Amino acid sequence: MRHASGALRCVLVTRPQPQADEWVGRLQALGLPASALPLLAIGDAPDAAAVRAAWATVPSRTLVMFVSPSAVERFFAQRPDAAVWPATVWAGSTGPGTARALRTAGVPAAAIVSPPEADGRFDSEALWRCLQPRRDWQGGSALIVRGEGGRDWLADTLRAAGAQVAFVEAYRRGAPVLDAAQQARLAVALDRPAAHAWLFSSSEAVGHLPQLAPGADWSTSLALATHPRIAASAQALGFGLVRQVSPSPEAVADALAGPADGSVPQA
Numbered sequence: 048m049r050h051a052s053g054a055l056r057c058v059l060v061t062r063p064q065p066q067a068d069e070w071v072g073r074l075q076a077l078g079l080p081a082s083a084l085p086l087l088a089i090g091d092a093p094d095a096a097a098v099r100a101a102w103a104t105v106p107s108r109t110l111v112m113f114v115s116p117s118a119v120e121r122f123f124a125q126r127p128d129a130a131v132w133p134a135t136v137w138a139g140s141t142g143p144g145t146a147r148a149l150r151t152a153g154v155p156a157a158a159i160v161s162p163p164e165a166d167g168r169f170d171s172e173a174l175w176r177c178l179q180p181r182r183d184w185q186g187g188s189a190l191i192v193r194g195e196g197g198r199d200w201l202a203d204t205l206r207a208a209g210a211q212v213a214f215v216e217a218y219r220r221g222a223p224v225l226d227a228a229q230q231a232r233l234a235v236a237l238d239r240p241a242a243h244a245w246l247f248s249s250s251e252a253v254g255h256l257p258q259l260a261p262g263a264d265w266s267t268s269l270a271l272a273t274h275p276r277i278a279a280s281a282q283a284l285g286f287g288l289v290r291q292v293s294p295s296p297e298a299v300a301d302a303l304a305g306p307a308d309g310s311v312p313q314a
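Each residue of the sequence shown is one higher than the last, beginning at 48 in the numbering used here.
The set of hints was computed from the structure by calculation and includes no laboratory data. Small disclaimer: the values here were computed from a predicted structure and weren't measured. Beta carbons are placed, not taken as given, at the ideal position from N, Cα and C, and that holds for glycine. Any given hint could be a false lead.
Said to hold, decoys possible - Simulated DEER-style distance windows between Cβ atoms:
(1) Arg147 to Thr267: 31 to 37 Å
(2) Asp238 to Arg99: 34 to 40 Å
(3) Ala263 to Ala129: 46 to 52 Å
(4) Arg126 to Asp199: 21 to 27 Å
(5) Ser107 to Arg239: 18 to 24 Å
(6) Thr135 to Ala242: 47 to 53 Å
(7) Gly167 to Asp203: 21 to 27 Å
(8) Gln230 to Ala124: 25 to 31 Å
Work the whole structure out from these sequences, hints included.
Here it is as structure tokens:
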């Protein structure tokens with residue numbers, strides 16, 4: 048999806064750090080111009096002792112589900128020195144980025160349950176379709192590792208199936224504080240919307256834009272959203288061009304290699 052001049056748009060990666068820099072590197076390796084503009088800040092767990100205590104329960108769990116790569120990184124940062132991931136405990140992931148973070152953290156690939164990348168749907172509902180047939184969940188035990196708050200759909204579904212569910216908050220989410228270079232990058236993107244594409248992996252990231260750029264006109268800006276809910280948030284903010292993409296650099300590259308903006312459908 049090139050802009051009217053025929054040049055590729057610069058992808059603004061809005062994921063939190065260090066994920067944003069990782070994505071920038073992967074996009075650039077595919078020949079795409081890309082810059083990090085994190086719109087979500089990740090902070091320390093509100094109660095680190097609770098995270099360490101949760102590690103002691105892992106061997107007794109049927110499932111430990113991680114809501115994001117940040118959940119993996121922050122949970123494993125509190126791992127006891129002698130802890131090894133039990134082969135009998137599933138590590139649940141809603142998408143390829145979280146699954147990759149789990150492998151990097153040392154979780155055996157056979158223990159990771161994640162929606163198939165070919166399906167293109169990465170959320171709790173897709174993960175449940177993978178988990179449900181694996182066992183009778185009556186009497187099962189699940190731990191959900193997340194930030195403060197979040198969706199309860201999977202927890203409610205597991206409880207309805209007879210499992211016990213606990214939560215641990217491994218990190219805090221918050222609004223970003225942009226440094227001078229990031230503020231300049233935002234200003235250029237607002238001034239030259241046709242030369243940029245905003246890559247969103249979180250509705251919360253979209254929601255921080257009104258505070259960072261009050262009164263901005265998004266009607267000629269392009270949003271690439273990795274989930275229908277995120278696409279809806281971008282549309283609600285006023286993005287004039289919105290397309291849903293799978294959460295992979297290759298999918299982003301395919302979207303941006305398409306025809307000029309005039310043929311882009313709404314999500």
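Here is what the structure says about each hint:
In this structure the supplied range 31 to 37 Å holds for Arg147 paired with Thr267, their Cβ-Cβ distance being about 34 Å. A C-beta distance of roughly 47 Å is found between Asp238 and Arg99, which places it outside the suggested range of 34 to 40 Å. Between Ala263 and Ala129 the Cβ separation comes to about 51 Å, which falls inside the hinted range of 46 to 52 Å. For the pair Arg126 and Asp199, the beta carbons lie near 26 Å from each other, so the given range of 21 to 27 Å is met.
The hinted window of 18 to 24 Å between Ser107 and Arg239 is violated, with their beta carbons roughly 54 Å apart. A C-beta distance of roughly 51 Å is found between Thr135 and Ala242, which places it inside the suggested range of 47 to 53 Å. With their beta carbons about 24 Å apart, Gly167 and Asp203 fall inside the hinted range of 21 to 27 Å. Between Gln230 and Ala124 the beta carbon distance is about 29 Å. The supplied range of 25 to 31 Å therefore holds.
The structure does not agree with the numbered hints 2, 5 stated previously, though it agrees with the rest.
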